[in-house]
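*Asks:* The primary structure of each chain is shown beneath.
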Amino acid sequence: MKKAQMEMMGLTIIVVLLAFALLFVVRFVLLAEPDDTKESFVESKLAHSFVSTLLDTTAVDCKKFSVEELLKDCREGIYTDPPLWDDDALQTGNANGIGTIECDGTTPNSCTFALTMISDILNETLGKKLNIDYEFILYSDSPTCETVKNPSNVIFHTGPTCPGTKKQVCQPVPTAVTDIQLRLDICNRLAET
Amino acid sequence: MKKGQVQMGETIVILLIFIILVGLGFAFYARISKIQLAQEQFALEEQRAIQRVQTITHLPELLCSTDGVIANNCVDLYKVIANSNEGGVFNVNNVFYEQLFGFSRITLYQLSGNTDPQNPTTYILYTNEKGEEPSVFYFPVLLHDSSQNVNHYALLEIKVYR
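Protein chains in written order, with the numbering used here: chain A, 1 to 193; chain B, 194 to 355.
Source of the hints: derived by calculation from the structure; they are not laboratory data. Watch out, some of these pointers could steer you wrong.
Claimed, not checked - Across the chosen pairs, the derived CB separations fall in these ranges:
| no. | chain 1 | residue 1 | chain 2 | residue 2 | range |
| --- | --- | --- | --- | --- | --- |
| 1 | B | 209 | A | 20 | 17 to 27 angstroms |
| 2 | B | 288 | A | 100 | 53 to 63 angstroms |
| 3 | B | 233 | A | 152 | 20 to 30 angstroms |
| 4 | B | 197 | A | 7 | 15 to 25 angstroms |
| 5 | A | 93 | B | 308 | 36 to 46 angstroms |
| 6 | B | 210 | A | 4 | 12 to 22 angstroms |
| 7 | A | 19 | B | 213 | 11 to 21 angstroms |
| 8 | A | 28 | B | 288 | 40 to 50 angstroms |
| 9 | A | 172 | B | 342 | 17 to 27 angstroms |
| 10 | A | 22 | B | 292 | 42 to 52 angstroms |
| 11 | B | 237 | A | 93 | 20 to 30 angstroms |
| 12 | B | 308 | A | 63 | 13 to 23 angstroms |
Stated by the list, open to error - Listed below are several chain A residues computed to face chain B (Cβ distance under 8 angstroms; list not exhaustive):
| no. | residue |
| --- | --- |
| 13 | 11 |
| 14 | 37 |
| 15 | 38 |
| 16 | 46 |
| 17 | 52 |
| 18 | 57 |
| 19 | 64 |
| 20 | 122 |
| 21 | 124 |
| 22 | 129 |
Note that the structure is predicted; figures quoted are calculated from it, not measured. Ideal placement from N, C-alpha and C gives every residue a C-beta, glycine not left out.
With the rest of the complex left out, here is chain A (with noise of 0.2 angstroms):
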């Protein structure tokens, strides 16, 4: 071999290692996934509570009954397929004459008082003081809350249907019909762009 082409040889080794060294350092260094230990936490902690803590709360104005009270109410109260209410259904007195609690003292709402409770608070948190975009869903007949994907049987449904899930929580509650399930999914918006 001619010394040129020693030296020709010699360089394109140096040009090869030098390019595997940037792809090492882009891979590893640049490239490398920020750190999310507060956002693993957080959305680890805060949906859990939220389920948790809704069905604990007091409805004030309606008898002190508590919300998983009235969601055992109302579900008990729905003898045939559940219906599909949302936000605009509850405006509209739709889910009204169900059940057995009378908030008003005049017609069964149990349904109407707390599913809309539960929708002003997710509004009020989750939508409005932390912006984060989630999607509520009450259903029953599902033992395996987590597995599905569409739930039939929905009784409830507010939020935007998330693109792909980030945390999903689903806390059963046992009636006396069939159990009812809250599922609530925290929104990847990642997936969203």
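Dock chain B against chain A, hints included.
*Replies:* Then chain B, alone, in the frame of chain A:
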């Protein structure tokens, strides 16, 4: 120019280029190290903030209990009222609580059972703000009113300053 002088010149140029390359590499390494150090410092500060948050959310001075049994995710309304005024334990013993809370601000918003739903009742429990860009943590808690035996929905806001 003689052949020996040309070779000497070549060697000097190669050495110069080598030194420049080593210098550039060192500068690059220093920059990357600085970035990594900043990331590690940030992670450490976040962990310290979480530690403070855990301390605050488990304070016996705020938690509600029945017959000595502490309830989960629950703070006592009357403890909150007592501690949120000037003569509250956090303000009176601020030297002690500064060690626990550091530079932070703890606020509790009552979100249900308000007379005016548009203006939630706000309790400022502790204020010692210093520094910039606080890490903000929110936790939903039950605000237990033992005189009425009702639970209000409340949001605990903890701002931890770095």
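*Asks:* Against the structure shown, which of the earlier numbered hints fail to hold, in ascending order?
*Replies:* 3, 5, 11, 13 and 20
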